[in-house]
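Can you build the whole structure from these sequences, using the hints too?
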Amino acid sequence: MITSSLKLSVTAIEDIAPSLRHVRLAAADGKPLPPTGTGAHVLLSLPGLDRVHRNAYSLINAPGSRHGYDIIVRRVPVSRGGSAAVHDRLTVGDVLEAQPPGNLFAPVRNAKHHLMIAGGIGITPFLSYLQDMGVRQVGCSLHVCCRESEKEVFNPWLPENANVKFHWDAEGHRLDIAALLARQPVGTHLYVCGPSDLNEAVLQAAKTAGWPENQVHTEHFGGASSTGKAFEVVLQKSGLRVSVGEDESLLEALERAGASPLCLCRGGACGVCVTRLLEGEPEHRDHYLSPEEKASGQSIMPCVSRARSPQLVLDL
Amino acid sequence: MNIAPSDIKSRPVYAPLQPDPAATRHWLVLETGAINRKTVDELIEMFRPVASSLQMWTVGSGNAASTALQVLPDLSALSQALRDRGPFHVSDRFYAQGTEPFLWSVAGEAGQVGFTPAQIRLAHTGSLRRRVWCTHCHGLTENVTTQVVACAGCGRHLLVRDHFSRRHAAFMGVMVDAEVPGERPAIEEVFP
Numbered sequence: 000m001i002t003s004s005l006k007l008s009v010t011a012i013e014d015i016a017p018s019l020r021h022v023r024l025a026a027a028d029g030k031p032l033p034p035t036g037t038g039a040h041v042l043l044s045l046p047g048l049d050r051v052h053r054n055a056y057s058l059i060n061a062p063g064s065r066h067g068y069d070i071i072v073r074r075v076p077v078s079r080g081g082s083a084a085v086h087d088r089l090t091v092g093d094v095l096e097a098q099p100p101g102n103l104f105a106p107v108r109n110a111k112h113h114l115m116i117a118g119g120i121g122i123t124p125f126l127s128y129l130q131d132m133g134v135r136q137v138g139c140s141l142h143v144c145c146r147e148s149e150k151e152v153f154n155p156w157l158p159e160n161a162n163v164k165f166h167w168d169a170e171g172h173r174l175d176i177a178a179l180l181a182r183q184p185v186g187t188h189l190y191v192c193g194p195s196d197l198n199e200a201v202l203q204a205a206k207t208a209g210w211p212e213n214q215v216h217t218e219h220f221g222g223a224s225s226t227g228k229a230f231e232v233v234l235q236k237s238g239l240r241v242s243v244g245e246d247e248s249l250l251e252a253l254e255r256a257g258a259s260p261l262c263l264c265r266g267g268a269c270g271v272c273v274t275r276l277l278e279g280e281p282e283h284r285d286h287y288l289s290p291e292e293k294a295s296g297q298s299i300m301p302c303v304s305r306a307r308s309p310q311l312v313l314d315l
Numbered sequence: 000m001n002i003a004p005s006d007i008k009s010r011p012v013y014a015p016l017q018p019d020p021a022a023t024r025h026w027l028v029l030e031t032g033a034i035n036r037k038t039v040d041e042l043i044e045m046f047r048p049v050a051s052s053l054q055m056w057t058v059g060s061g062n063a064a065s066t067a068l069q070v071l072p073d074l075s076a077l078s079q080a081l082r083d084r085g086p087f088h089v090s091d092r093f094y095a096q097g098t099e100p101f102l103w104s105v106a107g108e109a110g111q112v113g114f115t116p117a118q119i120r121l122a123h124t125g126s127l128r129r130r131v132w133c134t135h136c137h138g139l140t141e142n143v144t145t146q147v148v149a150c151a152g153c154g155r156h157l158l159v160r161d162h163f164s165r166r167h168a169a170f171m172g173v174m175v176d177a178e179v180p181g182e183r184p185a186i187e188e189v190f191p
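In the order they appear, the protein sequences are chains Y and A. Using numbering that gives the first Met the number 0, read the first sequence as starting at 0 and increasing by one per residue. Using numbering that gives the first Met the number 0, read the second sequence as starting at 0 and increasing by one per residue.
Among the hints, a few may not be true.
Straight-line distance between alpha carbons at most 30 Å, and here's what the computed BS3-like set of lysine-lysine pairs gives [stated by the list, open to error]:
| # | chain 1 | residue 1 | chain 2 | residue 2 |
| --- | --- | --- | --- | --- |
| 1 | Y | K293 | Y | K236 |
| 2 | Y | K293 | A | K8 |
| 3 | A | K8 | Y | K111 |
| 4 | Y | K206 | Y | K293 |
| 5 | Y | K228 | Y | K293 |
| 6 | Y | K206 | Y | K111 |
The set of hints was computed from the structure by calculation and includes no laboratory data.
This is the structure we're talking about:
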């Protein structure tokens, strides 16, 4: 799974909008990096004020890039620390620890057309899609729902002749999701990446419009918060008791205690950190477990999920 | 007629047809020779809720079991009809009912006009006869009802296995007397 970590140095920082920062990273030792993929992300360890934040960011490079990794980070108003670390404290020359790129959002190669819908900073994985020759060749279109003030911000990364439309919250400029989905030809695959309300709206519209489930793909970010009410977790095998604070995830608390399961996406999507739950009532926030598995209460995804009861007992 | 379950994972599993309520258009293709009047009536009843967005075709010579069916003489006529009626959308669904070789030939035609596997529903009816793909000469032998058959391509005697290929729309046939030429099991009809 995750074998070795990378050391990346910050080679450039540019504020492309009041709350958007472009960061360029390169291998600290100057060697080529593991190649990026279309839709891939990198997991960065960002030093925070009181602890290290581990956040996943989409790579906006052309697939196969080895010279460097580029990310765009939104400053969120109530930051858990990750976006604040990037926006307030990161400087050129800093060296960050990172995991080699992973990909949970790759394009489906036998698609006849790729239809992408992005919400704001959710455009980032699609910036690599637009540079993928295979995706370009079969045909693709990108619809971005964003603030009107930010519709020009991503231009430097949009290839010439790319089929991209921007939508914003004003009369005549909103995206009509239902109409868009209704006119798609057979063999189209739909990808959506944005805040959870946009994702949910698109997934629901696709369902209503008769889209087969396996032609609809989604990547969640940000909104799927992993913080909340504090609780306690008991680790059955090691006998440890760990308290999970309000502003940290269960996984982060487990890492602090040195008892964490393997993980990959840290966003409730990949399923790598799935852990057996022995006692307690979980509050599932992941997109991995099926509704039946969630109802059975026997597994939990520590990266995003928390507890409804004051205590959870895990098989760790 | 039901197909016995098989341990082999490539063996397709079929289920009775029913319209997908989320779909916006429905395309139903039946095999004239494999479908009787009763089956057609049951299907018409089943698809009644979506009748206004339903096209029904029956493929093959013979009398159509219902006037609701539009008759197409053969697969190439179906291919042409699909081309005429396209382009299709993600929300379309394609359904077929008939013998196994027919189902997969028709699914192939649907695939040609862009339907994805998730949009195609197949239900088996009628004979269990198989199309067999020879692993030696890659030839196809049609309408096989026995467990051993002489290949229409190379003449080798083939053991008809349960391995099914969606791409070839056929079952795998391997030479049955490769070890000792001429030593072959008695031929039995097992796919009536």
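message = Please verify whether K293 of chain Y and K236 of chain Y have alpha carbons no more than 30 Å apart.
response = holds, 23 Å
ask   = K206 of chain Y and K111 of chain Y: Cα distance at most 30 Å?
value = holds, 20 Å
query = Between K8 of chain A and K111 of chain Y, is the straight-line Cα distance small enough, at 30 Å or below?
reply = holds, 28 Å
message = Does K293 of chain Y sit within 30 Å of K228 of chain Y, going by the straight-line distance between their CA atoms?
response = Holds. K228 of chain Y to K293 of chain Y sits at ~20 Å (cutoff 30 Å).
message = Hint check: K206 of chain Y vs K293 of chain Y, CA-CA at most 30 Å. Holds or violated?
response = holds, 21 Å
request  = Take a quick look at whether K293 of chain Y and K8 of chain A sit within 30 Å of each other, Cα to Cα.
outcome  = holds, 28 Å
The structure is consistent with each of the numbered hints, conforming to all of them.
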